[in-house]
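Just need the whole structure built from these sequences, with the hints factored in.
Residue 208 in the UniProt record's numbering sits at position 208 of the sequence shown, with consecutive numbering throughout.
Derived by calculation from the structure, the hints in this document are not laboratory data. Just so you know, even glycine gets a beta-carbon here, dropped at the ideal spot from N, CA and C. Some hints here could point you the wrong way.
Okay, the calculated beta carbon distance ranges per label pair [claimed, not checked]: (1) A113 with Q137: 31 to 37 Å; (2) V57 with S273: 36 to 42 Å; (3) E279 with R334: 30 to 36 Å.
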Amino acid sequence: MMAMDDGLPLPPALLYVLAALLGVIIAVGSLSYAPEGRINVFTVWFLWAGLPLLGAVVATLGAMTGGRRPWLFRLGRHSLSWFPDRQQRWRMLFLLQWLWCLVALGMLVGYGALLLFTDLAFGWSTTVLAGETLVQQLAQVLSTPWRWFWPAAVPDADLIEQTRYLRIAPESTPADRAGDWWPFLLASLLFYNLFPRLLLTALVYGRWRLLLRPQMQVRAPDAERADGSTGADASGLNRADARQWCTSGCLIVNWEARQPAAPLMLGLQGWQSDVEALEAALVRQPMPQRLLWRVPAERSPVAELADLIRLVQTRSRAEQGLLLLGEVTTIQARHWLSWQSFARREGLVWVEGET
1 MMAMDDGLPL PPALLYVLAA LLGVIIAVGS LSYAPEGRIN VFTVWFLWAG
51 LPLLGAVVAT LGAMTGGRRP WLFRLGRHSL SWFPDRQQRW RMLFLLQWLW
101 CLVALGMLVG YGALLLFTDL AFGWSTTVLA GETLVQQLAQ VLSTPWRWFW
151 PAAVPDADLI EQTRYLRIAP ESTPADRAGD WWPFLLASLL FYNLFPRLLL
201 TALVYGRWRL LLRPQMQVRA PDAERADGST GADASGLNRA DARQWCTSGC
251 LIVNWEARQP AAPLMLGLQG WQSDVEALEA ALVRQPMPQR LLWRVPAERS
301 PVAELADLIR LVQTRSRAEQ GLLLLGEVTT IQARHWLSWQ SFARREGLVW
351 VEGET
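Okay, here's the thing in structure tokens:
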């Protein structure tokens with residue numbers, strides 16, 4: 001599978017086809033006739049426009065305001081082996097929005113096919129809304145985006161009156177204008193589903209490309225630097241040899257690891273216990289000049305670790321480094337990418353070798 005320049009593989013082409021096919025299935029399924037013989041306009045609008053619009057709003061708010069790890073990664077903090085950086089999360093969001101655009105296009109195709117080859121009979125029925133007047137006002141509000149240039153897609157009072165049906169007496173509803181709701185649903189599908197997703201996709205794509213920068217080359221972890229000194233490579237990641245970097249005045253801290261033993265082991269108890277233990281170690285004499293975080297490579301970077309790193313930055317002047325625990329031959333490339341991205345983001349020295 002091919003990969004982009006941000007380290008994530010390209011989705012298979014079949015996924016795009018399945019997304020469009022899913023849209024066709026949604027359209028055909030939601031327009032299946034009810035036992036009463038009428039398709040409820042409210043139900044179709046909610047499935048085609050209401051839920052997608054709500055999803056677009058939630059996705060936008062999450063993208064603009066989310067500063068911590070996604071809830072899925074918080075849920076599996078002890079089992080996930082990969083944590084995407086900010087660039088990768090924006091690209092994942094872009095792909096998700098693009099797939100939804102394909103779903104919406106599939107819905108549009110399915111709806112168009114049914115309009116051409118079947119006789120769709122729409123109606124509306126409600127228990128809560130009293131009378132046609134309130135329903136007409138609601139329809140007018142929903143038609144605001146296209147009212148001024150597409151009047152045929154704005155339900156009028158006559159259409160609303162003639163298409164109301166009662167399940168207790170379905171034969172009392174005339175069938176003359178049963179199909180006249182189709183422009184309203186088509187406009188809703190476009191203006192509340194497809195167009196907002198296309199706009200959101202474009203914005204997310206622009207944000208992702210803005211954040212994108214040349215990704216680091218995954219260097220073999222056993223390729224020792226000639227002089228063992230700390231220095232920034234082409235990706236901006238500071239590297240150091242463990243034996244020379246972590247000497248006297250260096251505090252070794254294990255995160256979610258019991259072996260090998262370390263003076264301080266965090267991530268195994270509660271959060272408050274970790275904070276208290278770390279604060280006590282920072283004020284202990286002599287105060288550490290450097291702090292080395294040793295983490296299992298197969299774990300994922302978590303917000304709790306980032307918070308502790310920032311706590312050290314506020315309480316101490318100690319330089320902080322990160323060292324991965326694990327057999328070199330068993331650590332996969334995505335683990336290195338994830339932790340290197342984390343180290344670069346938190347300003348940590350990338351420490352290699354044995355302490």
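Query raised in the report: Is the distance from the Cβ of V57 to the Cβ of S273 consistent with 36 to 42 Å?
Result: With Cβ atoms ~39 Å apart, the hint holds.
Query raised in the report: Does the hinted range 31 to 37 Å hold for A113 and Q137 at CB?
Result: 33 Å, holds
Requested in this report: Return holds or violated for the Cβ distance of E279 and R334 against the range 30 to 36 Å.
Outcome: With a Cβ separation near 34 Å, E279 and R334 satisfy 30 to 36 Å, so the hint holds.
In summary, this structure violates none of the numbered hints.
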